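Those protein sequence lines, which keep their order, are chains A and B. Here my numbering is used: the first residue of the first sequence is 122, the next is one more, and so on. Here my numbering is used: the first residue of the second sequence is 122, the next is one more, and so on.
Some hints could be false.
Identical chains blur together in the list; that is why a pair holds if it fits in one copy or across any two.
With a cut-off of at most 30 angstroms between alpha-carbon atoms, the simulated BS3-like pairs for lysine-lysine come out as follows [stated by the list, open to error]:
#1 K430 x K329
#2 K424 x K329
#3 K135 x K309
#4 K430 x K344
#5 K309 x K430
#6 K319 x K447
#7 K225 x K415
#8 K331 x K424
#9 K208 x K416
I should point out that these hints are in silico values taken from the structure, not numbers from a laboratory. Keep in mind it's a predicted model, so treat the numbers as computed, not measured.
There are 2 protein chains.
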Amino acid sequence: MFEKNKRINYTELKEFSRKVMRKAGCSEEEAEIVADVLVEADLRGIHSHGVSRLKRYVQHIKEGIIEPNKDPDIILETDLSLVVDGKNGVGQYIANKVIDMVSKKAKTSGVCIATVRNANHYGIAGYYAEKIAKNKMIGIALTNTAPLVVPTFSKHMLLGTNPIAFAIPANSKIILVDMATSIVSRGKLELYSRQREKIPLGWAVNQKGKGTDDPDLVLENMKNRSRGGLLPLGGEGELFGGHKGYGLSLLVELLTGGLSLGNFSYETYNKQGGISFFFMAIDLNIFGNAESIKKHIDELLVKIRNSEKAENCERIYIHGEKEYEKRDENILKGIMLDNPTIESLNELDRL
Amino acid sequence: MFEKNKRINYTELKEFSRKVMRKAGCSEEEAEIVADVLVEADLRGIHSHGVSRLKRYVQHIKEGIIEPNKDPDIILETDLSLVVDGKNGVGQYIANKVIDMVSKKAKTSGVCIATVRNANHYGIAGYYAEKIAKNKMIGIALTNTAPLVVPTFSKHMLLGTNPIAFAIPANSKIILVDMATSIVSRGKLELYSRQREKIPLGWAVNQKGKGTDDPDLVLENMKNRSRGGLLPLGGEGELFGGHKGYGLSLLVELLTGGLSLGNFSYETYNKQGGISFFFMAIDLNIFGNAESIKKHIDELLVKIRNSEKAENCERIYIHGEKEYEKRDENILKGIMLDNPTIESLNELDRL
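Chain A extracted, bound-state conformation (with noise of 0.2 angstroms):
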């Protein structure tokens, strides 16, 4: 039992999050990298993508849409590109694997690319496509989700929240970019609706398909599969670039379902999970000498990092910066969850 108000250390979230997922079916290898992949969430601060995720996991497995102890199938392989069905299995564990294939593939080839199709939630992007940079490539690691963004001038849910994570190792660390395509991604309208706070106009839509600010108006409507939604990057119509966050989102469903000719993010959750991933490792070596490369850009991140700061701000943060260093804190001092994911942890520990 975890106690309210209270930090936890991570290895114990980790062990814990273990137990449950072997509980729920999973092997041994299936819960160790849900663990590492939710924990690390928490440890960096993205608690939408934390240990609060092991309760709808668990249901996901009870329902059928999440298959434990299924190993994802090569459709296809080639020296740089590798097509794989994850057979509805465990998204972390698929991609994990994916992830360690095409890592090697491309320190042979200098690119690979995998797509992959019928796999499941994978929690935060960024833990895969900076697991590809640790090995000093550049790493990308998409996926679609479930349909929750309206295109421009459609009030249709159609399009997943589908993030982008791209991560290239510096000489002094990782820069890792990791956003949802859409302005915010479910978990902030579930935190605004749980405090009762209204959102700020031009996150989410009704179903008109016009602005709204009630956050539980927009989770029914999601709940329901009814119209409105979230808005793409750029928000609502064409006058600060919804089309290019719509584009972008478009981009990641080509590149996921589309080249894996798995299900688009309308298509998932249909009785089986049914996501799809596109993951790319560049070898930096292909473009001469990775550690001239690696100075270089280091040169712009001091440039940034050192530039004159806009009225009232105290810090320009590079990519990445933010969550390492909360991951830092909270090896230190424990993690600091919410009282509705202690009590979800609580109900687990009782199962």
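The hints should help you fit chain B onto chain A, whose structure is shown.
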């Protein structure tokens, strides 16, 4: 001499552009490709990147920023990569040449990536991504630009507008996403300035790094390389995802100036252009049957097109459609240019 308020036949405009570039010192091949890329932009309605650029190109040649009659050097070559030094030659000529090499290599290897340093402005990025897609491959074209965009929480124009162009062949037509990673381009501000209109708050910031609706102030600051500038997609701060647009812009800097050991945007136009490119071609056949993939992608397009429109919206677009339809219209009816552009052409004609 071109008449104001009258449509111009595109072949006539292309021939005129070719002659201007020839007179400015370009080789026949250079002049041809510059004319083609510029007029393609005007045909598609992207006038900020059309023949209105001719005057600036001629000026850049005079100033030595662009050096005509320079063939790019291949610094490094593998089965699936190219590193190219553009020697500050003509941007369109370099890009077009590299795109042909990348396409050819990808047809053999499955994937090819090129990175280019010391190049110049190449016009619309979509031209190059599309050229790859016409070869039934996925095309990606990135470029950094003059420094015009402020990173989140900074007031320093360090990043370029850094457009991302992505093209993929569907069964029906090519899907072409071509977008600056800033909310709008400098060209949009120039348009508002000419029309003596305020810009929407949220596009750009003043010298303090805070929102402004004054296009002239921002343009003046750009000219003086002062502070303030364009905002990344997602806007000021993080509330609407400005850090995501900043992340995308960073990604482009890293893949262009970073991998090529070339200039970052803030180092460009220092005596010479010094622009960096990144191109990638991916053959669909490395993922199985290209025709099946293209058919599958068409399903997504049909679903999006036929989805329910938001209130008061008449049509949902797939990226590229607007421009292709405009192109068809302009080929038939001629291209309508604004008066300042007509004046600049007539000025060039008198030289």
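Quick rundown of the hints versus the structure:
When the C-alpha separation of K430 and K329 is checked against a cutoff of 30 angstroms, the pair qualifies only between copies, where the shortest distance is 8 angstroms, while the shortest distance within a copy is 40 angstroms. In the homo-oligomer, the alpha carbons of K424 and K329 lie at most 30 angstroms apart only across protomers (18 angstroms), although the nearest pairing inside one protomer, at 45 angstroms, exceeds that limit. With identical chains, the CA atoms of K135 and K309 are at most 30 angstroms apart within one copy only, with a shortest distance of 24 angstroms there and 51 angstroms across copies. Taking the shortest Cα distances, K430 and K344 sit within 30 angstroms of each other only across copies (20 angstroms), while inside one copy they are farther apart (42 angstroms).
Taking CA atoms no more than 30 angstroms apart as the test, K309 paired with K430 passes in both settings, with 27 angstroms inside one copy and 25 angstroms between copies. Taking the shortest Cα distances, K319 and K447 sit within 30 angstroms of each other inside one copy (27 angstroms), while across copies they are farther apart (41 angstroms). For the homomeric pair K225 and K415, the shortest alpha-carbon distances inside one copy (21 angstroms) and between copies (29 angstroms) are both at most 30 angstroms. Taking identical chains as interchangeable, the C-alpha atoms of K331 and K424 lie at most 30 angstroms apart only when they sit on different chains, with a minimum of 21 angstroms there against 41 angstroms within one chain.
In this homomeric assembly, K208 and K416 come within 30 angstroms of each other (Cα to Cα) only across copies, at 23 angstroms, whereas the closest approach inside a single copy is 42 angstroms.
In this structure, none of the earlier numbered hints is contradicted; all agree with it.
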